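J.: Each chain, letter by letter, is given below.
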Amino acid sequence: MQTETRTAAHRPWGLRRLGPYPNTVKMPFTTVTVDPDTQVGVFRDAEGQVVEMGKHGTSSATSTTTVTNLDSRNDQGSDQDSQQD
Amino acid sequence: MTETDGPVLVATEPLDLTADMVIAELNRKGVEVVRFNPADIGSDLAVSARFGGLPAPVVGQLRTQSRTAALEHARAVYWRRPGWPTFAHLEAADARYAAAQVRYGLGGILYALDGPLWVNHPLRDAAADYKPAQLAVAQRLGLTVPPTLVTNDPDNARQFIAAHGPVVVKTLRWTPYERDGVPMTSWAEPVVTDEIDNTLRAAPHLFQVRVEKVADLRVLVVGRRVFGVRIDSGLLDWRTDYDALSYAVVGLPGRLVKALHDVLDHFGLASGSFDITVDGDGEFHWLELNPNGQWGWLEEKTGLEMAAAFADLLIRGEPDGHRP
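Just so you know, the protein sequences line up as chains W and S, in that order. Residue numbering for the first sequence follows the numbering used here, beginning at 1 and increasing consecutively. Residue numbering for the second sequence follows the numbering used here, beginning at 86 and increasing consecutively.
These are computed hints drawn from the structure, not numbers from a lab. The structure displayed is predicted, hence computed values, not measured ones. Any given hint could be a false lead.
Claimed, not checked - Just a few of them, taken from the derived set where beta-carbon distance is under 10 Å, the chain W residues facing chain S:
{"hint": "1", "residue": "G14"}
{"hint": "2", "residue": "L15"}
{"hint": "3", "residue": "R16"}
{"hint": "4", "residue": "R17"}
{"hint": "5", "residue": "G19"}
{"hint": "6", "residue": "F29"}
{"hint": "7", "residue": "V34"}
{"hint": "8", "residue": "P36"}
{"hint": "9", "residue": "D37"}
Stated by the list, open to error - Facing chain S, from chain W, some residues (calculated, C-beta under 8 Å):
{"hint": "10", "residue": "W13"}
{"hint": "11", "residue": "P20"}
{"hint": "12", "residue": "Y21"}
{"hint": "13", "residue": "V32"}
{"hint": "14", "residue": "T33"}
{"hint": "15", "residue": "T38"}
{"hint": "16", "residue": "V40"}
{"hint": "17", "residue": "G41"}
{"hint": "18", "residue": "M53"}
For every residue, glycine included, the Cβ atom is placed at its ideal position computed from N, Cα and C.
All chains, full assembly: derive it from the sequences and hints.
T.: So, in structure tokens, the structure goes:
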């Protein structure tokens with residue numbers, strides 16, 4: 001079944017069905033740290049000024065890049081723990 | 086048993102506005118939060134636990150840069166979006182070793198705790214993340230499941246599409262993916278027989294009869310609380326255009342609510358986000374469960390007090406003592 005073996009080495013059909021995210025959101029911060037008193041994230045811009053994020057960027061399925069998106073991972077990817085085998 | 090006044094542990098990366106919403110509620114209610122990210126292991130995150138030779142089966146401590154938690158006193162663990170260390174500076178085999186020790190050491194200590202309420206337990210999340218398992222469980226528990234085929238056999242796929250079309254294809258599992266620097270993902274899309282070829286053999290794919298829907302539902306369950314949101318869009322996959330969506334808070338029939346609770350109980354989950362679709366007769370059709378689904382944007386759009394519900398659950402558990 002050499003043909004079958006070679007076929008299995010192909011990139012899966014589903015990869016051709018992937019498409020880009022429709023929207024990516026630029027967020028005005030460069031660093032985020034956890035506030036020692038409140039334990040919530042503190043966002044700062046390039047000048048070190050604190051940026052108020054509110055609830056913006058909590059969308060569910062935009063891009064995966066954390067530099068352009070805040071709460072950006074898909075439902076399934078949202079727990080990085082689940083990327084384990 | 087845990088002491089009821091212990092801290093809530095929140096496992097997530099620093100960039101997590103949804104976790105921030107819940108932590109802000111916990112702060113408002115005067116409950117101590119110890120936030121940590123496993124990726125910080127090292128001088129910024131230390132863990133120690135003792136087993137054997139003591140009255141308690143496990144006694145331990147988790148220390149971050151700002152907080153220290155006695156693990157046996159933790160009242161709940163909110164498992165949101167933890168990052169794990171990759172040890173990218175090490176050689177591959179060394180990195181694999183180091184990463185596994187953190188998973189099975191830090192992760193293992195946490196999993197050894199039976200006192201806290203887990204929202205959700207990551208091993209339960211992982212078990213529930215298999216769509217074929219979800220489909221079978223949903224039908225067993227009385228939900229209507231669209232005819233679905235999971236196969237890597239091109240002929241079976243073509244036959245299914247020909248017999249049941251229109252059919253959509255969905256991914257079995259999301260993975261991070263970039264093409265030429267552009268992040269990509271899979272979208273529920275119609276598929277016809279001519280599009281199937283032998284590359285299907287490389288891996289199983291999921292084909293599902295397209296429900297003639299009039300609207301979608303996103304249902305967030307937090308413990309015993311149920312938040313139903315109807316999403317009207319005219320889109321096959323509403324994730325493709327958030328600007329096109331309108332949201333309405335809806336009540337759900339008791340039998341649907343019971344079935345969703347049963348699904349969560351089956352998988353041992355305290356919370357989950359369900360995707361349900363509604364046809365022209367008002368019938369509900371199961372699509373999927375996202376055990377650790379996103380909901381922050383829904384609170385923003387609807388005003389439903391989801392973060393407060395999570396905080397209440399983490400603080401008090403269920404009034405009836407129910408645990409997943």
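J.: Hint by hint, note whether the structure agrees.
T.: Tested hints:
no.	hint	result
1	G14	holds, 5 Å
2	L15	holds, 8 Å
3	R16	holds, 8 Å
4	R17	holds, 6 Å
5	G19	holds, 6 Å
6	F29	holds, 9 Å
7	V34	holds, 5 Å
8	P36	holds, 3 Å
9	D37	holds, 8 Å
10	W13	holds, 4 Å
11	P20	holds, 5 Å
12	Y21	holds, 6 Å
13	V32	holds, 5 Å
14	T33	holds, 6 Å
15	T38	holds, 6 Å
16	V40	holds, 4 Å
17	G41	holds, 5 Å
18	M53	holds, 6 Å
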